[in-house]
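Asker: Start counting the sequence shown at 1; every next residue gets the next number (UniProt numbering).
A portion of the hints provided could be inaccurate.
As the list claims (entries may be wrong) - Here are the in silico distance ranges between beta carbons for each label pair: (1) P8 x S32: 28 to 36 Å; (2) V76 x H14: 16 to 24 Å; (3) S32 x V5: 33 to 41 Å; (4) T10 x A38: 28 to 36 Å; (5) G29 x C3: 38 to 46 Å; (6) P7 x S32: 33 to 41 Å; (7) L74 x T34: 32 to 40 Å; (8) L12 x V76: 15 to 23 Å; (9) S32 x L12: 25 to 33 Å.
No wet-lab data here; the hints were simulated from the structure. Just so you know, even glycine gets a beta-carbon here, dropped at the ideal spot from N, CA and C.
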Amino acid sequence: MACMVRPPLTELDHERGNRLGALLRQARGDRSMTEVAATAGISPETLRKIETGRVPTPAFFTIAALAAALGISLDVLAEITTAERAA
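Please model the complete structure; the sequences and the hints are all you need to start from.
Answerer: Written out as structure tokens, the structure reads:
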């Protein structure tokens with residue numbers, strides 16, 4: 001069985017992760033990390049890592065759950081990645 005190796009993250013991956021984290025922090029507003037994480041079904045530590053950019057490429061279903069918990073459209077989140085490609 002072949003071993004799948006994940007390619008190293010690029011600077012663009014890290015920049016996107018930082019923008020995603022900032023958007024999620026802004027959308028969370030005054031709600032606590034614990035509250036939002038529980039609603040999304042993830043740990044507060046995972047949310048903290050995503051918000052601070054320490055996890056620049058979180059799993060799709062994690063982002064989908066956070067988007068639902070925060071009332072954000074996935075289209076809005078997708079704009080983070082498509083904006084640089086169009087530039």
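Asker: Against this structure, judge whether each hint is valid.
Answerer: Taking the hints in turn, this is what the structure says about them:
Checked against the given bound of 28 to 36 Å, the beta carbons of P8 and S32, roughly 34 Å apart, stay inside it. The beta-carbon spacing between V76 and H14, approximately 20 Å, falls within the hinted interval of 16 to 24 Å. Under the hint 33 to 41 Å, the C-beta atoms of S32 and V5, about 37 Å apart, fit the expected range. For T10 and A38, the hinted distance range of 28 to 36 Å is satisfied, since their beta carbons lie about 33 Å from each other.
Taking 38 to 46 Å as the suggested C-beta distance range, the pair G29 and C3 conforms, at roughly 43 Å. Separated by about 35 Å at the C-beta atoms, P7 and S32 satisfy the suggested range of 33 to 41 Å. Remark: the range hint 32 to 40 Å for L74 to T34 is contradicted by a beta-carbon distance near 24 Å. At roughly 19 Å, the beta-carbon separation of L12 and V76 lies within the given 15 to 23 Å, and the hint holds.
One distance hint, 25 to 33 Å for the beta-carbon pair S32 and L12, holds here, with the actual separation near 31 Å.
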